[in-house]
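K.L.:
Sequence:
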Amino acid sequence: MTDDPSLHPLDDLSVGAPLSDLAQAGAPRFGAGLTSRVVQGSFWNLGGQGVTMLATLVATPFTIRLLGAQSYGVLTLVHVLIGYLSFGDLGMGTASTRFGSHAYAAGDDRGEATAIWSALALAVIPATTLAILLMFGAPLLVEHGLHLPLSLQPVAIVAMRLAAVGFLARAVAGVFNTPAFVRLRIDLVALITAGTAAGQILLIPVVLLLGGGLTSAVMVVASAAIATALLYGIVGVKLLPSLRQPHVDRALLKPLARFGGALVVSSMTATLLANSEKVLLPRFASVQALAFYSIAFTLAYMPTQLPATIVQSLVPAFSQLHMRPDREAMQLLYRRALHGMLFWAVPAAMFVCAVAQPFFTVWAGAEFGRESTLPLYLLMGGVVAEIMTYVPYALLIALGRTDIIARLNLSLVIPYVILSAVLIHQFGAVGAAIAWSLRTLTGAVALAYFAQRTSGFAYAPWPDNKQAYLAAAAVLLLPVPIVAILTTSPIVRAAVAAAAVAAYALLILTRVLADDERKAFRRLLPMPRRRRDSSDS
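Residue numbers (our numbering): 6 to 542.
These are calculated hints, taken from the structure and not from any lab test. Hints are supplied without guarantee of correctness; some may be wrong.
Label pairs and their in silico Cβ distance ranges [stated by the list, open to error]:
id	residue 1	residue 2	range
1	Val163	Pro466	48 to 58 Å
2	Val253	Ala510	48 to 58 Å
3	Val63	Glu372	43 to 53 Å
In this text, a Cβ means the ideal position worked out from N, Cα and C, and glycines have one as well.
Work the whole structure out from these sequences, hints included.
P.N.:
In structure tokens:
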């Protein structure tokens, strides 16, 4: 397979193309250089997450001190509540992206706008219902559900009602971001999402310094959600002028609801699968074991951040390519994405394992260095498996088979809870890590099987040049355990691990990548347009 530029009539519509150019593009649209655009989008998402994390790091200490521990706890509850209510949009954010991508690929602007308005109609009804229930049920929740102190109850009730407004705005924003996603304008998504999130985080301590309290802080949260919805609405109309004319297609409501409903079930069960062992650890081991495991899990899970951002770009990309009369380009992107996940997962896991024990010792203390390191090693196998599920997961969503994901997650819940309880009872934090990795590996194998069975695409993460990849993996993996035996210095271990990763990356670029993958990588480099086109010809 080759990345033939003639297959991509929109080669001039890159990630940074003007909004007007994208809005006026002709039909059908099958996008250019999708591999590089997907990767660029993931870096935009990662950058946005970095900005948000930096804002959190800077502002949180001031917010805690200005609010006090109790009021800050209520503010945290507001964020958690909005997060848990995210299923209230019936999965219409992802559904509108998938159905809108199909219309966009066919050049049907009116159909794309109809998919968005139809998804919004389905999202608003349950979201509004939940928001109203939260508004009227806030006193009951605060007084009897959360058992907050009497002095905090009046302001907490107001905070919960404002949170309901913020939740509703987020549901609207999750649908109105569709035109940006289907055009792979992840730069706009990152700028809006990270910009409003960082603005919210940084504005809260400013408002508190000016004399505001908890109510003012929650007002900032709700206002940021409203601003996000408005910005996505404005950008959406720029990208898709047909969005100015609301239209709901009744025939589209049922497939949208079926797709989104299964997605909600899979998301809820995924939450159970992701947290069950943490709930069981204090019951069958100890709170101390939970602390050791949580620290190990936090560091072990970090390599998933970059691959997880790619899913947001892969879903619209796969959805658009699904509309092509041939399936070669879709299979090509699937293969490339699997290779990319493998190329990332192995060095990321190795680097984390190399620095874990000295990092835990310095950062959390000698006890965590002793007790958290082995659970982390055991978790890394599951982390690598999870990274390798992201691509088949995105493919199944693009193919509309969210029911497969939902059934798979449901089938794993009870066996996983039983397995976790038994292993935690016997081995504590180590048992929790074993259970999590076994469950993740089982889910990864099943998801890969169902993706292959549904699409007909072979699940083949190994590159064509297997011998060259094995040599690169040996260069990556062999120095680390040798150095670990010789020294406990975190600086030396990190330096050797970084050098091994650099050598591995060089070998991947020069010896392992296929010609078409190397061309796709070159499109990521900041070289002049004319030179890049000539190099790809």
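K.L.:
Sort out which numbered hints this structure fails and list those numbers smallest first.
P.N.:
Hint 3 alone not satisfied by this model.
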